[in-house]
Each structure stands twice: as C-alpha cells, then as structure tokens.
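One letter stands for each residue in the lines below.
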Amino acid sequence: MANKDEDRLLEHEYDGIREYDNPLPRWWLWIFYATIVFVPLYYVLPGRLGQNGGNVAEYEAEVAAYKATQPVAPPTISGERLLALSKDREALEEGREVFTKNCVVCHGVDGGGVIGPNLTDNAWIHGGTPSAIHNTVIVGVLAKGMPSWERLLKTEDLDHVVAYVISLQGTKPATPKAPEGVVDTVAAAPPADK
Amino acid sequence: MSTHLDTFSYDDAIVRKFLWATFIWGLVGMLVGLWIALELANPAFNLGLEWLSFGRLRPLHTNAVIFAFAGNAIFTGIYYSSQRLLKTRMFSDGLSRFHFWGWQAIIVAAALTLPLGFTQAKEYAELEWPIDIAIAVVWVAFAINFFGTLAKRRERHIYVAIWFYIASIVTVAVLHIFNNLSLPVGPLKSYSIYAGVQDAFMQWWYGHNAVAFFLTTPFLGLMYYFMPKAADKPVFSYKLSILHFWTIVFLYIWAGPHHLHYTALPDWASTLGMLFSVMLWMPSWGGMINGLLTLRGAWNKVAEEPVLKFFVVAVTAYGMSTFEGPMLSIKSVNSLAHYTDWIIAHVHTGALGWNGLLTFGMIYWLAPRLFQTPLYSKKLAEYHFWISTFGILLYVAAIYSAGITQGLMWRAFDETGRLAYPDFVETVMKLMPMNWVRVAGGTLYIVGMLMFGYNIFKTWAARPAKYDVPVISAPPLAKVYVDPHPVPAGTGVWARFTGVHWHRNWERMPLIFTVMIVLAVVVASLSEIIPTFLIRSNVPTIASVKPYTPLELAGRDLYIREGCFNCHSQMVRPLRHETERWGEYSKPGEFVYDHPFLWGSRRIGPDLARVGGKYPDLWHVRHFQDPRAVVQNSIMPTYAHLQKRALDFDGIQGRVDAMAMLGVPYGDAVNRAPAMAREQATALAAGIEATGGPAGLGDREVIALIAYLQRLGKDIRSAPVPAAGGTP
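Chains A and B, in that order, are what the protein sequence lines are. For what it's worth, the working numbering labels the leading residue of the first sequence as 3, then goes sequentially. For what it's worth, the working numbering labels the leading residue of the second sequence as 149, then goes sequentially.
Hints listed in this document are in silico derivations from the structure and should not be mistaken for laboratory results. These numbers were taken from a predicted model, which means no experiment stands behind them. Check each hint, because a few of them may be wrong.
Taking lysine-lysine pairs in the PhoX-like style, the calculated list, with each CA pair at most 25 Å apart, reads [as the list claims (entries may be wrong)]:
(1) B:K479 x B:K735
(2) B:K165 x B:K526
(3) A:K174 x A:K103
(4) A:K69 x B:K735
(5) B:K526 x A:K103
(6) A:K103 x A:K156
(7) A:K146 x A:K103
(8) B:K377 x B:K606
(9) B:K578 x A:K156
(10) A:K146 x B:K762
(11) B:K606 x B:K165
(12) B:K762 x A:K156
(13) B:K606 x B:K627
(14) B:K381 x B:K526
(15) A:K69 x A:K156
(16) B:K735 x B:K694
(17) A:K103 x B:K578
(18) A:K156 x A:K89
(19) B:K606 x B:K527
(20) B:K300 x B:K381
(21) A:K146 x B:K694
Starting from the given sequences, assemble the full structure and let the hints guide the process.
In structure tokens, the structure reads:
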C-alpha cells in the first residue's frame, strides 16, 4: 500500500473530520459476494455443505448409523465370574471407587442404605443373586430414582461395582436401614445362573 | 443566503457526568464479574448467601457491563460528538440531565433487584416490568433530545457517526419494547406474553441485536468520530461507510436464531440465522477496515500515543470477534461450542477488547479536553494499555481452551460407543485450572481499570477553577439548499447508484434517513417474526403436555428467582451424545406453556430438560441443602434457604390466573390453586419423610422447586407408569 494520502479527498468536512473517496476494497467486495452466493447454494448443496435434511433427519441418520455398527447387546457376565471377582482384591478396590463415586448418595458409604435400600443384609427387592444384582444395576429402578447404569459406566466398572456390592454381604454398617424385600442369598447362586 | 452567525456553546458538563458514571459502573460491573469468576473456580465464594450466589449475580454482571459501563460510555461519546458534528448544543439541557439521572437510577434499581431475585429470566432483559417501563421512558427522552438536536443542527449533512447513532437509538427502542411485553403479576413479577419457541425466538432476536445495536453500532459511531480525530487523518472510504452501514443494519436483525441452533426452534429459522450471520462477516469487517486504514500514514503516531494503541487493539478485537461470530453461527461449529465457555470467550473478546479498549481510548482523548488540562500521565495510560491487553489475552486463551475442552468431552464416545465422560462433574472439574487463569486475566484487566481511574482522577484534580466555555459561531442552515455539485445529466443508472449521490441526498434529510433505517429493521424483523408466530407446523402440539400444577408453577418461579437458568439448560439437542446423556431430544410442543421459556444458554451444570424422576425427592432435598454432600466436586451454590423459607401459597392464585389470562388452560386451578398446591405439597413432603428425610417440608419453598424439577420433561413419555410428581 503506497502512499495513498494522495487519494481524492471529498469536499465535505465535519468538525474537522474529512473522508476519502476510496473505492471498496476489491477482496472485501468479493468475499461479501461469495457469502451472498452461499445462501441459495446452501439450500441446494447435498451433504455436509448443505442443509442435509434438517436437524432431526440428521440425528436419526446418526443414530441409525450407530445402531448398524454397534448392535445393542447388554453387557453379560456369569454369576460365577461375579462371585470370583467379589473375592479379588483388585476388582474390589476398583469396585469400591465406583461405588463411592456413584452409589453412596443413596446407599450410604458403607452400603447401609439411605434413600436406597440397605445392601448389606440378605433382603433383596429385585433379587440377590449376582446376576440379579448385575441386572438391577444395568436396568435401574427408574420409578424409585435408581438410574440405569448400563450406559453410564464402563462394562468392567459395572462388573467391579457389583462384585463390591456382593462383598458387602454381612458387613455391619453404622446405621443400617431396615431390611426391604425378600431374603435371597448371593452365595447360593443357582448353577443355572449364567 | 444569510450571512448571519449564531453564537452558542457546547454542553460538556453532561459529558463529564457520563464519563464518571462510565468509570464507576465499569469498575462495579467488572468486580462483580471477577467475583462470579471466583465462584466458578471455588463455590465457597458464594458464601452461602442467596443474593451473592452465581445465579443472582451473573445477570448483574452482564447488565452492569453492558448497560451501565458500555451504556454510559456510549452516552459520553454521543453527547460529546453529536454537538460538534451537528454544530449545535443539545436540544434540551433538561432532557440531557433527565437522561443522565434516569439512567443511573435504572442502574441502581437493577443492582438492587437482581441480587434479590427479581428477574424475567431473559438474558440481558432480566429487569422486571417497572424498570423496563422506566428504561423505555428514559430512552424516549434521550431520543427526543437527540432528534431535537438533529432538527436544530447547523451542519447540512449528517456524518456517518450520526447514522450509527440514529440506528442504535431507534432499533434499541424497538427491541426493548417487543421483547419485554409481559403480563405483570405483582409489583416486581411478570410473565412473558410469549411462550416456548416463540419466546425463545423473540429473546434471541432481542439478545443478538442488543449486541448489534448496543455494543456494535454505537461504538462504530464512536470509532468514526474519535479515530480520525485522534489520528488527525481522514476516514479511509466514504463509500465503504455507506455500504457497511446499511448492510449491518439490515443483515444483523436476521441473525438472532443462530443462538438457538439444534434447539426446538424450527430448522428454517435456524438456517436463516446462520446464512445471514455468514453474510454479516464482511459488513462487520467494513467497519474494521475503515478504522484501521484511516491510520495509514499515522502508524508512527500509534507508537507514541496510547489513545491510538487502545483504538487499534479495540478495532482488531472487533474484527476477530466478528469473524468468530459468523464462524460460530455455522451449525456444525455451533454444535460444539453451544452451552460451553467458548461463547463466554467470544463475548469477552468483544466486550473487554472492542467495547472496553475503545472506551478507554476515547476517555483518554476526552479527559484533557473536558477537564481542560493535560492528561496526568501518558506513561500510566501506556501501562494501562499493556496490562489490559495482556489481561484480555490471558482471559480469552483460558476460556477458549475451557470451552473447547468442555465441548469435546461432552461429545466424546469411547470405542464401545458409550459416552467417554458420562459423569458431568468430571467435565466441570477439568476446567478448574482454566477458571483460575481466567480469574488472573480478569484481575489484570481490573488493575488496569484502577490505573485508568487514578489517571482520570488526577487529571480532573488539576482542572482549572472554572471551566472555559468557548463560544462557537456558525451560520444557521439556509431554508433552501442548493446542491453545489449536482449529478451531471445523462448519467447511467448504475453510475448514479455507485456514485452514491442519492445517499448524499438522504444525509441532509435525517427524517428520511431514519425512516429508511426503521424500514430496514422492521422488514428484516417481520420476515422472521411473522412466520415464527403464524406457521402452526412450527410447534406441533403434543396431547400429553399439560400445564404445570399450581405448586410446580410456584416452583418454576423459584427456579427463575434463583437464576438456575444461568447454569442449567433445559434443551436436549438432537445429537446422539446429547440423547445418550440426557434422554430424548426436546420437542417444540413441550414448551407451549412456558412463559417465559427457560432453555438457558450455558451448561455450567447439567441439562435439566429431562431431570423429572431421575432422582428421588429426598435426593433433591439433600442436594439443595448441601450439593457437595451428594455430588462430590459439584460447584453448585448451596440453597439451604429454600428449606427455611415458607412458601407463599396464597400468592399462587394470582400466578395461575395470570397464566390463564395468557391462554394456559388451567381449568379448575383458576378457582382453587392454593388448595391444590397444598395438597400436592403435603403428599410430596409425606413421601420425603417416609423415605427418611426431614419432616415438615410441606410448607417450605423447597417442596415447590422439587415438584417443578420432578415434572420436567416427563409429559412426553406416553406414561405407562403414572407420574410420581403428580400431573394435574
């Protein structure tokens, strides 16, 4: 940009301020035109550059694509494996962490029950076999405020926390909540339990 | 032609008043900002006091910096420059003073009512209806004063700065009035006459254009006066001024819906918002180019003159944020940035950089002229420039990275297709270091502000015993105008158009000019407003969506009072990571009874659109009492006062009646709202007690808020299980 002070000054003046008669910068004008041309293009262009059918259609395509590649298979684990994990120090340590982070609010730090039921006694509302507990954690009890943890926790975290809950059986919490449900024993897991 | 000369003087006393108000409110607004930044970094800064909680203070911060700091800065510059550009004293000194004191009274009213929880829950339009009326009255007084000054001007043509002032004054009036239409329920409580999708549309038509016509166009006007003055250089291009002025005025209005991408707003509106935002890029840059190129040949002055340094960085910040704005309006970019701190970084580039630095530069230039003594310390101004520039960089760098981090964590999936960070608090904790850097950046900016205040104070202290009031003389306008440069006859249409002689004609007819602006703004507005309100398919009704019960309505008003919407959205976007995390995406028909809409614009905390039934009632009781006892590392303030304060059952009838008047089908509740609320509250409280919670909550505020939260997002579940929260 050479010395443009030679540009033509317009004659008018306001409180000492004057203005040049410079043309619009060429690049400025062309980009402006381009953004205007983009408007009709957006309505006709396919794919990512264009409208793509609208938000909901795009969402449904996204979900369909996901479902196609990731068939919905709820995590499974055998009762025996859970029982074995409930004796594994490392798994229990992991499980305790998950429990502390997610479960203590309703079940108490020691599993004695607060809003949710006591997990240390042998009374169970939704079954006390390892698989039943695992299932309750996965499905949740939505009506009572227990979320479905299936998509909130990683598969191994689900296993570990269930193992930890099993390990709480028979411990003595500080302020145990009265037993709820029917007696069921985790140890007596029927062999049919997958 | 008359050779008679009028003699007159300029009213600089009013400019000095606005200048001081700019500094004082600026400091207050920024300190509140710093405080809420600390609250985000550590919730202990909420001090357990309801009126200092983030939800109450955040609107105070935004209102103070926009309407008190930037507002008074605009008035300072407009009152100084308009008189000189129009060669006349203001139309009425009385109106000037009324404008000044009226505006300050409104600010004081805002500073008192917002922390007390009186709010309309619409961003930058939080102030309740009596204050809204006061704003309208003061604004009209300002407009009369301004247009009166135009009418008695002694300069035939109006300069580009004045065009921008006119556009700002008329458009702000239109925006303010139509967004704030509401039905009062009490002295400081009202319900928006619009609901759900329409309310959201109106709010962001307003909200976006508050940015346009309060923080952009008036400041461009100031730039067009103070930049060439301070640089002592002509403006780069008159033609560019014309084109970028009109395109800004016309295009900005359409852009509002880009604040609502992927929400329940219909696609067509969102698309228009995006396309017009993209078209706005060059019109905005027109202002930047015209400002920066005005400095051609004056860059040596920039090195010596702090005023110009402030202007250069201000205009550059304007250029950056007006590039970023169109970029953020592109839907795919927006899906990452929306609800995150990215938006906060974006607005602070604009507010701290463009509005703040332009204001400082302007006042450093004005102070010696207004106080009639040299600036106390140019060196100190220089330091102020560097410290505030560095502060801005620190602030925005931290918050940009926070925003992008947050957005990426929310949408991240692991290899099994599950959310990689399902625990929301984890995404909050990740931002903590950035929150502290933001505090540091903000602190530097405020230190700069104190240096600025000291410098101006010392300059003022050295003022003469009596200000000199120069007498100006200028000829009045002749009755008949004879164009000294008429267009040569026989010129082609295109040459006439690009020769902009027609525009020159408009410039000597402020009334026509104003009418053209109003036309541009109104045509643009109605093109979106009319279809939003009239096309029925925009909001397909959902039969199972029913009005809130009287108790839930009272709870909703508490949600508004506490400013929950400042941190929690109620809008699940149709994106897979959103539906994985929050549940079914939100439908337009779910909000038909929401006066006002509460979709929120930010997720400092989790989305609440589908929170109903997610947690047991007792969970909420404990969570309000002490959030961190329930959710480790939560940064939510405590709401223990909700359990102490009695719920005003009798006041609920008036609220239900007002809603019924707005068309909400309340049926039986219009006769016995308090009784219905009591029944629901008693049942809810009994349930809480039965599960081991505290007794006696049945007449406390917390019960209404829990009832409301437990209702949220449940109506569209075609309900195989009867709702526990109790539907009407």
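### Query
Where does the structure disagree with the numbered hints, that is, which hint numbers, in rising order?
Violated: hints 5, 13, 20.
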